[in-house]
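Per this note's numbering, the sequence shown runs over residues 73 to 232.
Bear in mind the hints are in silico, worked out from the structure with no lab data behind them.
Take these hints with a grain of salt, some might be off.
Unchecked claim - Below, simulated DSBU-like cross-link-like pairs (lysine-lysine); rule was C-alpha separation at most 35 Å, straight line: (1) Lys119 <-> Lys100; (2) Lys170 <-> Lys190; (3) Lys190 <-> Lys213; (4) Lys170 <-> Lys224; (5) Lys190 <-> Lys119; (6) Lys224 <-> Lys100; (7) Lys170 <-> Lys119; (8) Lys173 <-> Lys119; (9) Lys100 <-> Lys170; (10) Lys173 <-> Lys224; (11) Lys173 <-> Lys100; (12) Lys224 <-> Lys190; (13) Lys190 <-> Lys173; (14) Lys100 <-> Lys213; (15) Lys213 <-> Lys173; (16) Lys213 <-> Lys224; (17) Lys213 <-> Lys119; (18) Lys170 <-> Lys213; (19) Lys100 <-> Lys190; (20) Lys119 <-> Lys224.
What the hints assert, rightly or not - Just the calculated beta-carbon pair ranges, DEER-fashion: (21) Pro112 <-> Ser200: 31 to 39 Å; (22) Lys119 <-> Asp157: 26 to 34 Å; (23) Ser145 <-> Asp186: 35 to 43 Å; (24) Ala95 <-> Lys170: 35 to 43 Å; (25) Lys119 <-> Gln167: 16 to 24 Å; (26) Arg174 <-> Pro143: 18 to 26 Å; (27) Ala95 <-> Arg174: 16 to 24 Å; (28) Lys173 <-> Asp140: 14 to 22 Å; (29) Asp186 <-> Glu126: 28 to 36 Å; (30) Val166 <-> Glu128: 34 to 42 Å; (31) Val123 <-> Ile171: 27 to 35 Å.
We put the beta carbon where it would ideally sit given N, CA and C, even for glycine.
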Amino acid sequence: MCTDERSSLPSMTDASTQSIIIAAPPDKVAAVICDFASYPTWVSALKSVDVLEEYEDGYASQVRFALDAGPVSDEYTLRYEYAEDISRIEWHLVQPSKIQKRQDGAYDIEGLADGTSKVTYSLSVDLSMGMLGMFRSRAEKMIMDTALRDLKRRVESLST
Numbered sequence: 073m074c075t076d077e078r079s080s081l082p083s084m085t086d087a088s089t090q091s092i093i094i095a096a097p098p099d100k101v102a103a104v105i106c107d108f109a110s111y112p113t114w115v116s117a118l119k120s121v122d123v124l125e126e127y128e129d130g131y132a133s134q135v136r137f138a139l140d141a142g143p144v145s146d147e148y149t150l151r152y153e154y155a156e157d158i159s160r161i162e163w164h165l166v167q168p169s170k171i172q173k174r175q176d177g178a179y180d181i182e183g184l185a186d187g188t189s190k191v192t193y194s195l196s197v198d199l200s201m202g203m204l205g206m207f208r209s210r211a212e213k214m215i216m217d218t219a220l221r222d223l224k225r226r227v228e229s230l231s232t
């Protein structure tokens with residue numbers, strides 16, 4: 073499905089990390105994460121999402137996002153890479169945007185014995201505007217809290 077040439081992201085040693093348990097198997101979680109066209113229906117801050125390029129196997133390789141979160145708006149493109157079994161989905165910012173200099177992230181999806189999944193989200197963002205490390209960490213935590221909660225709600229609503 074996925075090749076090694078798609079797994080070349082730099083290490084995310086300074087990333088914030090958070091996990092959640094989702095009542096669905098890993099393939100259902102990965103399917104929701106990879107369904108970029110549906111994001112605006114369940115991620116309130118996204119105005120639009122467009123898949124710009126795909127790998128031969130149909131997985132998105134570059135995706136453009138239009139974000140409108142009240143006082144913060146941005147348009148940016150992420151390049152995605154996938155583990156062969158889709159247990160890890162990684163991304164990074166293709167080029168600096170209006171407010172981001174760098175964004176690296178990943179979802180690690182682990183199947184648990186009871187049929188649920190543990191999803192670990194790692195995120196590292198450098199903003200164009202100066203921000204103290206403490207505030208950057210808080211912003212990353214808020215982004216991850218919201219993303220994981222929304223992902224859990226979406227996956228579990230489709231699994232019932």
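Structure-based check of each hint:
| no. | hint | result |
| --- | --- | --- |
| 1 | Lys119 <-> Lys100 | 24 Å, holds |
| 2 | Lys170 <-> Lys190 | 33 Å, holds |
| 3 | Lys190 <-> Lys213 | 18 Å, holds |
| 4 | Lys170 <-> Lys224 | 29 Å, holds |
| 5 | Lys190 <-> Lys119 | 28 Å, holds |
| 6 | Lys224 <-> Lys100 | 11 Å, holds |
| 7 | Lys170 <-> Lys119 | 16 Å, holds |
| 8 | Lys173 <-> Lys119 | 21 Å, holds |
| 9 | Lys100 <-> Lys170 | 33 Å, holds |
| 10 | Lys173 <-> Lys224 | 29 Å, holds |
| 11 | Lys173 <-> Lys100 | 32 Å, holds |
| 12 | Lys224 <-> Lys190 | 10 Å, holds |
| 13 | Lys190 <-> Lys173 | 30 Å, holds |
| 14 | Lys100 <-> Lys213 | 24 Å, holds |
| 15 | Lys213 <-> Lys173 | 18 Å, holds |
| 16 | Lys213 <-> Lys224 | 16 Å, holds |
| 17 | Lys213 <-> Lys119 | 22 Å, holds |
| 18 | Lys170 <-> Lys213 | 21 Å, holds |
| 19 | Lys100 <-> Lys190 | 12 Å, holds |
| 20 | Lys119 <-> Lys224 | 20 Å, holds |
| 21 | Pro112 <-> Ser200: 31 to 39 Å | 24 Å, violated |
| 22 | Lys119 <-> Asp157: 26 to 34 Å | 32 Å, holds |
| 23 | Ser145 <-> Asp186: 35 to 43 Å | 41 Å, holds |
| 24 | Ala95 <-> Lys170: 35 to 43 Å | 37 Å, holds |
| 25 | Lys119 <-> Gln167: 16 to 24 Å | 20 Å, holds |
| 26 | Arg174 <-> Pro143: 18 to 26 Å | 21 Å, holds |
| 27 | Ala95 <-> Arg174: 16 to 24 Å | 34 Å, violated |
| 28 | Lys173 <-> Asp140: 14 to 22 Å | 20 Å, holds |
| 29 | Asp186 <-> Glu126: 28 to 36 Å | 34 Å, holds |
| 30 | Val166 <-> Glu128: 34 to 42 Å | 20 Å, violated |
| 31 | Val123 <-> Ile171: 27 to 35 Å | 22 Å, violated |
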